[in-house]
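Asks: Residue numbers (this note's numbering), protein chains in the order written: chain A, 1 to 380; chain B, 1 to 83; chain C, 1 to 431.
Please keep in mind that the hints were generated in silico from the structure rather than gathered at the bench. Please note that a few of the clues may not be correct.
[Unchecked claim] Some but not every residue of chain C turned toward chain A, in silico, with C-beta under 10 Å:
#1 PRO37
#2 THR91
#3 GLU264
#4 ARG369
#5 SER412
#6 SER413
Where is the CB? At the ideal position from N, CA and C, for every residue including glycine.
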Amino acid sequence: MTSGWDVVIIGAGIVGTSCALECAARGLRTAVIDPAGVGSGATAAGMGHIVVMDDSPAQLALTRWSQVLWRDLAAKLPPEAEYEARGTLWVATDEEDLVEVRRKQRGYAAAGVATEVLDSMALAEAEPELQRGLAGALLVPSDGIVYPPCAAEHLLREASRLGAKMLEPQRVIAAKRGCVRLKNGGKLMTRHIVNACGAEATELMPELPIRKRRGHLVITDRYPGFVHHQLVELGYIRSAHSVTTDSVAFNVQPRQTGQLLIGSSREYGAEDATINYPLLQAMVQRAQMYLPAIRNLQAIRVWTGFRAATPDKLPLIGPWPDDDSLILATGHEGLGITTSLATGKLVAAALTGEKPVIVPEPYLPARFAQGLAATEVLHA
Amino acid sequence: MPEMLLPIVLTVNGAAVRVMPGTTVAAAVLLAGSTTRNSVRGEIRGPLCGMGICFECRVTIDGVPHQRSCQVLCTPRMQVATS
Amino acid sequence: MKTTFEIVVVGAGPAGIAAAVTAAESGRSVGLVDDNPAPGGQIWRAGGCLPAAARNWINRLEQSLVERLQGWRVFDSPERGVLRVERNRSTFAEHAELRFEKLILATGARERLLPFPGWTLPNVMGAGGLDAMVRGGLPIEGKRVVVAGTGPLLLAVAAHLSERGARVLAICEQASHRQMVPLAAQLARQPGKLWQGVQYRWRTRRTPYRMNCRPVSAQGDEKLKSVVLEENGKQQVMECDYLACGFHLVPNTELPELLGCRLEDGFVSTNDLMQTSLQNVACAGEPTGIGGVEIALLEGRIAAMAVCGRGREAHGLIRKRRAARGFVSALSRACGLTSRMRESANDETIVCRCEDVLLGSLRERSGWRDAKLHTRCGMGPCQGRVCGGAVEYLFGWHVESVRPPLFPSFVSSLAGSAAQTNDSEHIGETV
């Protein structure tokens, strides 16, 4: 079918497939299109960390809601999606960090997220491979880990069961005013278009305030039990927060396979997949500082991937003011996996007029529309 | 005149094994009646390619896991553990 | 340890040894990196009786001023003129950076291993694989061995194993008589090759050489007990202790690819002087085309002479190389891998051994990357070197481009600088 769609979703990553499921579940005639198949962009490249983050109240609300949605979904996910409720340990290196830990705990508590403060000894017991002499950590037991490409494929399968159609792989060259043009000359007519293209969103819409923010990851061979929780240094938020500099922050994930994912790094201005060696080395050296025995683990692969970063660290979810047919679902930076489920629900709500569980305003793309400063739009 | 080659004694899973110098750890593991690893599904596996490509010969040598034993020569008092 | 050289040669098989020796004898500073405990590569692997040519070349290597970096693995090349290498020490790893003006890649080849039911049983090995294990000290005397697959390697392996006292029950070549006929004409023109073939066959004269014969399955509980062979449509069970099974060779082109050398039909493109598409990189031996020892030696010498500015002297060698290549092409056409082995594997057969991925789950996928992301095929430590050859044969999928590290490496090696071995520093411990 080339016309009569209610919604065509461009991008079959974790966000696009989540949108597809929510739309199909509401009876919308839904199509999904991607040149490279399911879950092959940032969905394939990133850590599947489902994490509540509190860089801003809006981020806290979105990640919190979505984290709960993941927990609800967990039982239905197939084994290959590797969902595990591992929990996150936000690691504190000194007294100053402990102050931040306590502040964080209060903020999470206000949002209904249970946490536990571990002192130095409790942390060493929880994670024996961590360097001795750390000050402690904040444990968030409700955070989880998932393998995103298989999770995305599951979402798409469920969406297909409800009537959504994954179209033949094709590149979209234009998408506006209800018309999606394909590279092979084809055309899809639809009431709504969802741009879920992640870091490539600006290829269709150069006017979007999205910049590519590249990251490196290293994955090791299998070492079950080396690490039990996702381990993140508190400085991670600073690293994610910065809009200008290249940075690394300690972030290590135990996969269900027993492999360790070692991250994280952020850089602007990098457009290709080649490795930035000084940055990679800084990232790995930092991991060695926190987990000394990681030195002797076998690293199997190193790769890079692109996050879609916006100026205010919040995604673009909702209608694009210039085009009645266009909905954005992109700009998720490092929280695409976490917030994909909530994004799907927000997109479906925007399409059907229903009231979503959280306030959608902070994520509305209109905040970046021409002539309006970011802060002015928040209460539109 | 060639030197007398004295056997090397190492341990495989705690048991002593005597091998001639120049023997790979992979051969020593098989000589000990053991095999190198279990697959991710738990099946028993042994060396396949003999040249460091297939990773089926991975064992723990002196506490360091995932070493390709077909490319490592036995040394005295080496401690080898298979999975 | 010296880490800066005029010329670095990667791989100490025949091509690498010939290149390193030639370059050193031309007065250049040469470093020879090889990941095995001793030089010789696969075909001249230490631990067996070596032909005179091998002993001579290895002697020359030992007499030369080549700096031997034996036991070191190349895992990355972060910039032009630099190779990152690492090696195991007992409880830690050391890494270093080699710097060079010119590079000669002699990374050799590996066997193509194809899946069939039971191929994951212990004591089912590659043909070269069992040979390597025996050279590494695995006792084979009195053991019953079936050698199967395709290509001239089978004869060479059977001959060596026989010499070591193995009872080689059969050599099973999957190519048919008809395929081999054009080869006979070529053989007549290459008396050296003919003689070598005759010698191998003499050494294995008590072993039936069966054509149009392929392994269907391997059986056993905790290890191999028997093999089912199919010959001309009829199946037979053969009890044995080892199955040595390989299907031609696959060139080790990962390092050339990582560096950016152009490939053609899966082999590294070179000119007559063995120069690749990269100005400071030459390639010799199997990665430029599977050709065996004679060609490897010629190409190693040509590459070294060219890199040392002695290209003009290499003309005689270049002519010999061209002639030798002609024979080899005929041989590989004759022993072309038929599609019959595709019939052996079924949906329950493991294709990716690192991750235990079954053929059945691969059938639904659209290509290598899709399979990797969704089934884990190729995500294990072999980085697709074993399963890649298999899925290419089974589905025609092309394994996508190479990334560092070239082999699994210690995290400490990726971390770099802190504990690096170089010209002036001592070996750094990282634990």
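Asks: Indicate, hint by hint, whether the structure satisfies it.
Replies: Structure-based check of all given hints:
1. Hint status for C:PRO37: violated, given a least beta-carbon distance of 19 Å to chain A, over 10 Å.
2. Taking 10 Å as the C-beta cut-off, the interface hint given for C:THR91 holds, the closest approach to chain A being about 8 Å.
3. At a threshold of 10 Å, the smallest CB-CB gap from C:GLU264 to chain A is about 23 Å, leaving the interface hint violated.
4. For the restraint placing C:ARG369 at the interface with chain A, the shortest Cβ-Cβ distance is roughly 7 Å, inside the 10 Å limit, so the hint holds.
5. Residue-level restraint check for C:SER412 holds (minimum Cβ-Cβ distance to chain A is 4 Å; threshold 10 Å).
6. For C:SER413, the interface hint holds, the least distance from its beta-carbon to any beta-carbon of chain A being 8 Å, beneath 10 Å.
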